[in-house]
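Student: Residue-level listing of the chains:
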Amino acid sequence: MPAPQPGRTDPAVIRNFCIIAHIDHGKSTLADRMLQITGVVDDRQMRAQYLDRMDIERERGITIKSQAVRLPYRAQDGHDYVLNLIDTPGHVDFTYEVSRSLAACEGAVLLVDAAQGIEAQTLANLYLALENDLQIIPVLNKIDLPAAQPEKYAAELAHIIGCSPDDVLKVSAKTGEGVADLLEEVVRTIPAPIGDPDAPVRALIFDSVYDTYRGVVTYVRVIDGHVSTRERIQMMSTRAIHDLLEIGVISPEPVPSQGLGVGEVGYLITGVKDVRQSRVGDTVTLANKGATEALGGYRDPKPMVFSGLYPIDGSDYPALRDALDKLKLNDAALVYEPETSVALGFGFRCGFLGLLHLEIVRERLEREFNLDLISTAPNVVYRVIKDDGSEVTVTNPSEFPSGKVAEVYEPVVRSTILAPSDFVGTIMELCQARRGVLLGMDYLSQDRVELRYTLPLAEIVFDFFDQLKSRTKGYASLDYEPSGEQSADLVKVDILLHGDTVDAFSAIVHKDKAYAYGVAMTAKLRELIPRQQFEVPIQAAIGSRVIARETVRAIRKDVLAKCYGGDITRKRKLLEKQKEGKKRMKMVGRVEVPQEAFIAALSTGEETAAKK
Amino acid sequence: MSRRPLGFYVHVPFCATRCGYCDFNTYTAEELGAGASRSTYADTVISEIRWARSQVRDDRPVSTVFVGGGTPTLLGAGDLVRILDAIDAEFGLEPGAEVTTEANPDSVSPAMLQELRDGGFTRVSFGVQSLARHVLEVLERTHTPGRALEAIAEARAAGFAHVSADLIYATPGESDEDLAASVAAVLDAGVDHLSAYSLIVEDGTRLAARVRRGELPAPDDDVAADRYRIIDAMASAAGLEWYEVSNWARPGSECRHNLGYWSDADWWGAGPGAHGHLDGRRWWNLKHPAAYARALAEGQSPLAGEESVDDAGRALEQVMLGVRIRAGIPRAGLPDDAVAELAGEGLIEASGDRIVLTSSGRLLADAVVRRLTP
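Chains A and B, in that order, give the protein sequences. Residue 215 in my numbering sits at position 215 of the first sequence, and the numbers go up by one each step. Residue 1229 in my numbering sits at position 229 of the second sequence, and the numbers go up by one each step.
Quick caveat, the hints were computed from the structure, so don't treat them as lab data. In this text, all values refer to a predicted model and were calculated from it rather than measured experimentally. Each residue gets a CB set at the ideal place from its N, CA and C atoms; glycine is no exception. Incorrect hints may appear among the rest.
Said to hold, decoys possible - Here are the simulated lysine-lysine pairs, BS3-like style, with alpha carbons at most 25 angstroms apart:
| id | chain 1 | residue 1 | chain 2 | residue 2 |
| --- | --- | --- | --- | --- |
| 1 | A | Lys573 | A | Lys583 |
| 2 | B | Lys1287 | A | Lys573 |
| 3 | A | Lys579 | A | Lys562 |
| 4 | A | Lys562 | A | Lys582 |
| 5 | A | Lys469 | A | Lys152 |
| 6 | A | Lys511 | A | Lys473 |
| 7 | A | Lys571 | B | Lys1287 |
| 8 | A | Lys511 | A | Lys404 |
| 9 | B | Lys1287 | A | Lys273 |
Claimed, not checked - According to the in silico footprint, chain A covers these stretches of chain B (three or more CB under 8 angstroms from chain A):
| id | segment |
| --- | --- |
| 10 | 1154-1163 |
| 11 | 1360-1371 |
When you get a sec, could you build the whole thing from the sequences and use the hints?
Tutor: Given below as structure tokens:
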């Protein structure tokens, strides 16, 4: 009996599932074993982390974009099944993308490292899966490790999802042990997709990826109806209509098909060049006799964290603009607009989903486009109500209104922290220092605890995660999700050089921390700013009130004592070099500041904060 | 044909010991190979002087000779006079030519000084550095404070009208009083010329290693600025006027050879690593004495490199060098706004149709140059 063909597969033999796992808990390795056992990749073609496409993904061991692979599988009952493994992003910044991937599945493999137990992000994603009514298969991985404690963590998982510890499967993705049983469990327990094959087409977009050669490749899960090749499709959020150029499945390379039916997972290519025209969470229908009601759950991606990105070499500005334009094609959440900084020159203020997103974008710009960049300290979006009742949205501290301010609102997140119970005290201390409000605390097992806090997002984007990790010896894990906003006592601290504000160093901080920020920043700049021919005061100020001050004393000696016959050539070259360097100096008022000083001041921000 | 004065610099790359702060091209071994040992070195330099005659295509006599090092006096007066005679034989010494040798107080004697004076030397420049024992120790100088003053007196007794002392200031451990005492003592000893240099920690020296290890504090620029003012005030009071950023002299006793460096004169530089300049072309010899001697022995050019300075480079050089001296530089051609600003800041002042550094400006001369040039 031939394997079921795409477009003509009975939903009853389809199993759509994902793997929920923390970074390093072995998701990609498990996927690799599934590819091998089902035979879609033979041993010769196999490479580690087969499904991770970007270099960054492989190096960091994380998945940024999701993947979907169709695995034909003959089960022990003798029947042929189609398993669609939908790989999901594994980080807090991409919670929305995760939720859409989950919405495309009926079941989830909850994969937990048998030596480490469940982590906060995994727990958060598990809750998401439970909200989506997914069938959960709990699995402990890495049981071959000497440090594995399968009994302990099986009890923990059982406690969290309400099953028996005996129901927790134990596998080693590395050796392949138990993976075949897991596939049987997928077939046996995950429900087949249910949809109306005769209804108007509705397909959920759970990812879209820009490919240089083919344009945007959109990954979909068909809910109702049947999409065929050469039809015209419509995106329900934007009403945009596109010709369908190709349709197919990934197994594990793209295989064109005649169509996709109820419950099937595959890709669409329409020739559009920008992933914004093919948005995650949107519903695809047909231009003719399309559906009237979109699938629920669509959201526009909303940047939560902003940072200024500047080329270190000012002449790279056009290259940075081109690079962002290209990156945008593949990243619907990235927003940016031109920005000018006295200190850093021409650059862009960019909005990101979170810190990892920022880091990834920056790294891709540097790596794939060969740019050297400096990024300003990340900040969140503030809503400022002025005294006259008017409202300003502040994505850059320098836009913070200078006049009287009635109220400032900052975004807050609900965070979940999982850690060994020994660290409860130190975590509470950290959260309180970061203006956290404890919502609740639960013991997952005797020695593992879940803490729930409301925290200002601004406190998290600073260096919260690093602090949490260092204070818990790396054991704590963190997850958070946006949870509205709160009014807070926030002020803008400006840094002035010789009386002129340096925009790149302005920060919006809580009133209680303004002094510490001012002292740290002025002290740091005093070390970094070269002495000028006049005394340069460095001040931190809230409005016109100076809260900290340092002074760079005037330089009194700038002359080489000896300049005889043998020194002339060297000395002239030194002067020429100094003059070249001077051209790269930034002028803040009359003060010459080497760009390196700005870079050092911005890039060591976290270190100083950590010392406080 | 150029009519600029022609000078002759002769480098002597030998020292009895290497001082901790020194990064000059000098060697303490007596034997450095054929033609590069102390005993054979004079002949090697004389062969370069003969070769130089074939390279300088005009008949200018030599106006100034300066023998530096290293420690030239380690060669002995006889070799130094032979070298001078060779220059005279090949080029001719101008009547009243200035002929200087550097000297270490430890390596001279009254008889040797007399021999130099009789052989045509007109000026001696002593590396005194300091008269405070603990400062000399930090500098790793071998002479005692008393010896330096004796040597100055011996030179005057030998008939040298022009005796100079080099001082180093802002050495770690030196106080204002230490410096003032050193300046007062050399002035009392009867020098008509003073050079003073702030201590520079050069990469690769023992001093740099000691500073890096934290054994010694790095010299402080603010301290150096204060000390400079002390030297300037004391020298002026004794009748020695500044004529270059680091040099003071009784009027008429300025070192003409060194003035040539700052006023675009021509000079031939003989010896390993020596630099020369003829009409916009600068060159320098092979640095190691053995390589230098081998080239000359084989009848080849001892040059290691050269450059023809372009117009922009020459303009920069003329400001960079000219601004260091009392005569200053022509006002014409300098950017008006920079001149006005610098004058407003009290760093330069007008002197006829030229501009000259003020005493504050001398301490910030490099900044002035950067601002006066495009």
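Student: State for each hint whether it applies.
Tutor: Outcome of the hint check:
The suggested pairing of Lys573 (chain A) with Lys583 (chain A) holds, with an alpha-carbon distance near 15 angstroms, which does not exceed 25 angstroms. Among the hinted pairs, Lys1287 (chain B) with Lys573 (chain A) is consistent with the structure: their alpha-carbon atoms are about 19 angstroms apart, no more than 25 angstroms. A hinted pair counts as satisfied when its Cα atoms are at most 25 angstroms apart, and Lys579 (chain A) with Lys562 (chain A) qualifies at roughly 20 angstroms. Proposed proximity of Lys562 (chain A) and Lys582 (chain A) is supported: the alpha carbons are some 23 angstroms apart, at most 25 angstroms.
With a C-alpha separation of about 23 angstroms, the suggested pair Lys469 (chain A) and Lys152 (chain A) falls inside the 25 angstroms cut-off, and the hint holds. Taking the CA atoms of Lys511 (chain A) and Lys473 (chain A), the gap is about 30 angstroms. The hint is violated against a cut of 25 angstroms. Only pairs whose Cα atoms come within 25 angstroms are accepted, and Lys571 (chain A) paired with Lys1287 (chain B) is accepted, the gap being roughly 18 angstroms. Restraint check for Lys511 (chain A) and Lys404 (chain A): satisfied, since their Cα atoms lie roughly 15 angstroms apart, inside the 25 angstroms limit.
At most 25 angstroms may separate the alpha-carbon atoms for a hinted pair to count; Lys1287 (chain B) and Lys273 (chain A) exceed this at roughly 63 angstroms. Under the rule that three or more residues need a Cβ within less than 8 angstroms of chain A, the assignment of the segment 1154-1163 of chain B is violated, with 0 such residues. Counting residues of the segment 1360-1371 of chain B whose beta-carbon sits less than 8 angstroms from any beta-carbon of chain A gives 8, enough to reach three: the coverage restraint holds.
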